[in-house]
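Peer 1: Sequence:
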Amino acid sequence: MNEKKKNEKLIVNECVTYIKKYFTLHDTINVTIKKLIKIILNRSTNLVEGLEKKDEMDILIKNELTREFIKFFESAKLTLVEMKKCILKMKSLNTTIKNCKIKSTPNVTSVTDQRILYTLNIFFNNTLTYFKQDYKLKKKIHEIILHVDSTDENEIKRIQLMSEETPFLFLIFDKYNVNKLITECTQFLSTS
212 MNEKKKNEKL IVNECVTYIK KYFTLHDTIN VTIKKLIKII LNRSTNLVEG LEKKDEMDIL
272 IKNELTREFI KFFESAKLTL VEMKKCILKM KSLNTTIKNC KIKSTPNVTS VTDQRILYTL
332 NIFFNNTLTY FKQDYKLKKK IHEIILHVDS TDENEIKRIQ LMSEETPFLF LIFDKYNVNK
392 LITECTQFLS TS
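When we follow the working numbering, the leftmost residue of the sequence shown carries the number 212, and every step to the right adds one.
For the record, the hints were derived by calculation from the structure and aren't laboratory data. Heads up, some of the hints might be wrong.
What the hints assert, rightly or not - Below, in silico cross-link-like pairs of lysine to aspartate or glutamate (EDC-like), each with a Cα-Cα straight-line distance of 20 Å or less:
#1 K347 <-> E376
#2 K245 <-> E375
#3 K282 <-> E354
#4 K282 <-> D360
Unchecked claim - Restraint ranges, calculated between C-beta atoms of paired labels, are given here:
#5 R326 <-> N274: 53 to 61 Å
#6 I333 <-> K296: 19 to 27 Å
#7 K217 <-> I281: 39 to 47 Å
#8 H358 <-> K309: 40 to 48 Å
#9 K215 <-> H358: 49 to 57 Å
#10 Q371 <-> S286: 15 to 23 Å
#11 N337 <-> L252: 34 to 42 Å
#12 I272 <-> N310: 50 to 58 Å
#13 S286 <-> E364: 19 to 27 Å
#14 K249 <-> T228: 26 to 34 Å
#15 K386 <-> E275: 38 to 46 Å
#16 K300 <-> E376: 19 to 27 Å
#17 S401 <-> I270: 53 to 61 Å
For every residue, glycine included, the Cβ atom is placed at its ideal position computed from N, Cα and C.
Turn these sequences into a full structure, and let the hints steer you where they fit.
Peer 2: Here you go:
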């Protein structure tokens with residue numbers, strides 16, 4: 212296998228890795244946001260009723276919920292950092308693919324190699340804006356959730372709706388057939 216083909220396989224492998232990683236991080240941040248909302252709701256409920264030392268126990272439980280909230284909030288922040296890195300890496304991979312396309316000549320690169328790189332280039336050109344918008348939405352939810360009052364049900368429902376509905380990633384899945392793209396890339400990687 213020549214050096215050019217190895218480089219192309221490396222590029223395709225990284226593309227698949229970062230596409231999958233972004234979707235995994237997206238799912239992770241959704242779960243974390245749900246946990247944060249649950250903690251916010253639990254803070255407002257009267258957790259200990261009928262006990263003699265109710266006030267002390269309430270304080271202990273609320274302190275524990277605060278620690279748990281901070282833990283998940285920081286976890287969400289780290290996930291957002293990873294999502295941003297993923298987007299930047301996908302952007303740099305797209306630039307690399309463009310450079311490969313410019314340098315390649317029909318004699319050097321096979322038609323299959325050109326097609327898979329062309330497909331990835333089209334995919335990234337069309338979807339990077341949606342990945343960025345999805346990231347911005349999750350970042351905004353992360354910022355908002357810190358200031359949510361547990362008694363404001365409308366705000367909590369709005370945040371839940373914003374985190375559960377993922378119009379940008381749904382559009383990517385629906386319009387650009389991500390599973391098919393990943394399958395094609397995997398088949399390309401398995402060929403010698």
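Peer 1: Each of the hints needs a verdict: does it hold here or not?
Peer 2: Quick rundown of the hints versus the structure:
no. : hint                      : verdict
1   : K347 <-> E376             : holds, 14 Å
2   : K245 <-> E375             : holds, 9 Å
3   : K282 <-> E354             : holds, 15 Å
4   : K282 <-> D360             : holds, 18 Å
5   : R326 <-> N274: 53 to 61 Å : holds, 59 Å
6   : I333 <-> K296: 19 to 27 Å : holds, 23 Å
7   : K217 <-> I281: 39 to 47 Å : holds, 46 Å
8   : H358 <-> K309: 40 to 48 Å : holds, 42 Å
9   : K215 <-> H358: 49 to 57 Å : holds, 53 Å
10  : Q371 <-> S286: 15 to 23 Å : holds, 18 Å
11  : N337 <-> L252: 34 to 42 Å : holds, 39 Å
12  : I272 <-> N310: 50 to 58 Å : holds, 57 Å
13  : S286 <-> E364: 19 to 27 Å : holds, 25 Å
14  : K249 <-> T228: 26 to 34 Å : holds, 32 Å
15  : K386 <-> E275: 38 to 46 Å : holds, 44 Å
16  : K300 <-> E376: 19 to 27 Å : holds, 26 Å
17  : S401 <-> I270: 53 to 61 Å : holds, 59 Å
Hint check: no violations occur; every hint is consistent with the structure.
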